[in-house]
Amino acid sequence: MSARGPADTVPHIPTLSGERYDSVLDLEQLRKAHVPMHTVRTDLTADGNTVAALAMLQMWRAPLFAGFPITPSTKWLETIAAHLSTSQRGLRRLKLLEAEHAVADYMAGAAGACRDLIVSTATSSVGLDHMTETTRSLGASGLGNIVLVNVYRSTANYPLCIEGDPSDALAHRDDGFIQLACRGKQQIYDTMIQAPCLSMQHDVLTPVMPGYYGIKDSHRNARLTVEPDAEIHAFQDRWIKPCPLPGLINGDTAMGNCVTSKHFQGFKHDQKQRILRVFDWMPRIAADFERTFGRPGLEFFDLAGWPDEGDVDLAVVTMGPDFGTFEWLREEWAAQAGMKVAGLAIRLLNPLPRAALRARVERAKVVLVVNQAHHSGRGHLTLDVADAIAGLERPPILVSAFCGMGGADVSQPTWEAMLEQGALAHRGLPYADGRIYHEGTAL
Amino acid sequence: MSSYKEVAQRVSCFRPGSTLCPGCMESVALQNTGRVTDNGIKTVLAIGTSCAEVSSLAFPNVVAWGRGDSAPDDFARSFGIIHNVFESAPTVAEGVRDVGDLLTEAGALRKPLQVLSVSGDGGALVIGLRALLHSIYRRSNITIMVLVNEFFANTGFQYSVSATPFSDTSTTPAGNASPGNLQKPMDYLHLCIAAGADLVAQVSPAHGKLFINTIEKGLATPGTAVIFVPAPCISGWKFEDGKTLDLALLGARCGVFPTFVWERGKGGVVKDCGATPADRPAVEEFLGMQRRFSHLVQKDRITGELGPRPGRERELIAFKEWVQENVERLHSLCALK
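Those protein sequences? They're chains A and B, same order as listed. By the working numbering, the letter at position 310 of the first sequence is numbered 414, and the numbering carries on one by one without gaps. By the working numbering, the letter at position 80 of the second sequence is numbered 1141, and the numbering carries on one by one without gaps.
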């Protein structure tokens, strides 16, 4: 015994990564300190950044926000700041840092300090690129209590384009985050509420990156329904239980060790197993969300036009809000072409639900993959679909197209020009593959 | 301030098992810092990639951190350590500190917390200068320790901005056409003061009591404390086994890295280092102990006296001028409040 004073003896529990001293933290105090944003179900009009920020502000576990502004995610940060300048502030805190890299570093410390709190930020494009050194560490860290909102914007700075395409999200799939793609304000809001329920599952513990298109969704308003904070808490409390692993504050533990290559394999194996558990948890959380709030929960895909039975002639695979234009024109175009046409917009970008994608498109004669991010080959999503259908006895013909890069509108003529290539492939005629379409023209 | 004897009896959170080189000053610094932090307050340490990190947290080697042979029953002795990338230790520490403060304010954490960051000079002053200065600028309540061995040591002794003039590094090698590093070290002490630090110090564990008291003072500082620790590197500086503390004392006393403690509102003090060359040990003595300067000085075979290697007289004069400039600069910093 040193002269430092009497021992402060506290019960502790051994875990796989050190000891946990549960009694030193009483998070019920934090819950009590939460100042609600909404006490009743409310319909409002808002843009995507606002609703993504609002959802985070409604969570009692998320008192700490970090940020550095970058278009088009800036309004997420400004929305947090605006609310924290009012009497609704409560204990919530916003940390402004000097660069995106610092934001990611800060989140590592904050999320590691207490694994039961949610730490969040938002960024875009080169901001996400700047974070990459640390986001790749976070992806492997086991810190499922990190929510990084990715407001999609083209990369990089040559040429600089501030509008939204998912080239940032698709370039960062190897960071190791769970990536959820949204379209529409309601879906953004609902996804934010469910995201930590997924990422903080004890056998997942993988940070989550909800995302939505910059400008098209981040800056345009729509009506949506927001839920009372208390209902969100009740829903999340059903899914988020105290983390079994110690944090830096309530633990005797080490995080972020180096390993030799021999042991590196084991860490990577574990990381992969954890993220693959998303396939099991997502439908269960989604079902509870739908029961609770009466709206669809998280899905692997948004679907349009898929028959309960039978094949389709042409299946469209894409992501993002421009899928709405396809949904709008699908029936009329299909009738004119005399084809059965269906489509899906991918919502779970990482881990990609390969088996579900295969099951969905394997009975299509042609799959038209509409990519919206620059790629030196046939497109990120095209490669995903090619992987999903690999090994099929009679695989569909795969037609690749690009459009909407740099946030360009994907107009009706553009959709029709791309669908026409699918129709040519269906008829066994020569078709264009991998072309870029804009305003109805193949470039 | 605690007595040296009392601190020496505490349980350090830096334990045996690191693979730091025998004779490395970093292990002495971490051992002593680890004892100071056994003060009845829970400690969390954020560590940047560095010799200190790769040598103490490499799985499946022993994790050379934690107090005692098993998890302590005393919560204040429990210990959390997090490694992130080279440059980010202060920022990671800020994240921990802010969560601790928030939980305390909510009444959710009823135990006090002290948060430190440890980086090498490459991590803090080169790749991580932005992070260091901004953490200081935000006045985060953390204690930042920078272990200055003047190299990127764990990647093979490449030049760092804190490198002593004319030192031989793997990216500024001395040769017939080059006297080694031609840059003067970055004035990191002044930078930290200017950025807003509340305590800035340069002190070696060779000055045992002062080192311990400075760490204690840093932990007690309500704002940001930054403590630079000159860390003679036996492998990179190339000196004889057993001379680590001697070299650290000599380096401080001859003016290469004088002991310096500065507090906001009080000013600073340069300790154990005379203001003029006549009041200090000869720099040749410091240079002569290290083979990284063997291109600069040599021992006379007859008299045994150290002097310039033929053809390097101008560089030795320039080195002495820089040392005097260095000492005068620190004395002038003392006047800042």
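Check the hints yourself; a few may be wrong.
[What the hints assert, rightly or not] With a straight-line Cα cutoff of 25 angstroms, these simulated DMTMM-like cross-link-like pairs (lysine to aspartate or glutamate) come out:
1) Lys1304/B x Glu1366/B
2) Lys136/A x Glu1166/B
3) Lys1332/B x Glu1346/B
4) Lys469/A x Asp537/A
5) Lys1332/B x Glu1389/B
6) Lys136/A x Glu1389/B
7) Lys444/A x Asp384/A
8) Lys345/A x Asp1162/B
9) Lys345/A x Glu1166/B
10) Lys345/A x Asp130/A
11) Lys1278/B x Asp112/A
12) Lys1398/B x Glu1324/B
13) Lys1066/B x Asp537/A
14) Lys1278/B x Asp1333/B
[What the hints assert, rightly or not] Calculated from the model, a selection of chain A residues having no Cβ within reach of chain B, i.e. all distances over 10 angstroms:
15) Thr113
16) Thr146
17) Cys218
18) Glu335
19) Ala390
20) Phe404
21) Pro411
[To be verified] Examples of chain A residues toward chain B, derived with CB under 10 angstroms:
22) Gln133
23) Lys136
24) Arg196
25) Ala203
26) Leu533
27) Ala536
28) Ile540
Simulated from the structure, these hints should not be mistaken for lab results. All C-beta atoms in this analysis are idealised placements derived from N, C-alpha and C, irrespective of residue type, glycine included.
Indices of hints not satisfied (ascending): Failing hints, ascending: 6, 7, 13, 15, 17, 26, 27, 28.
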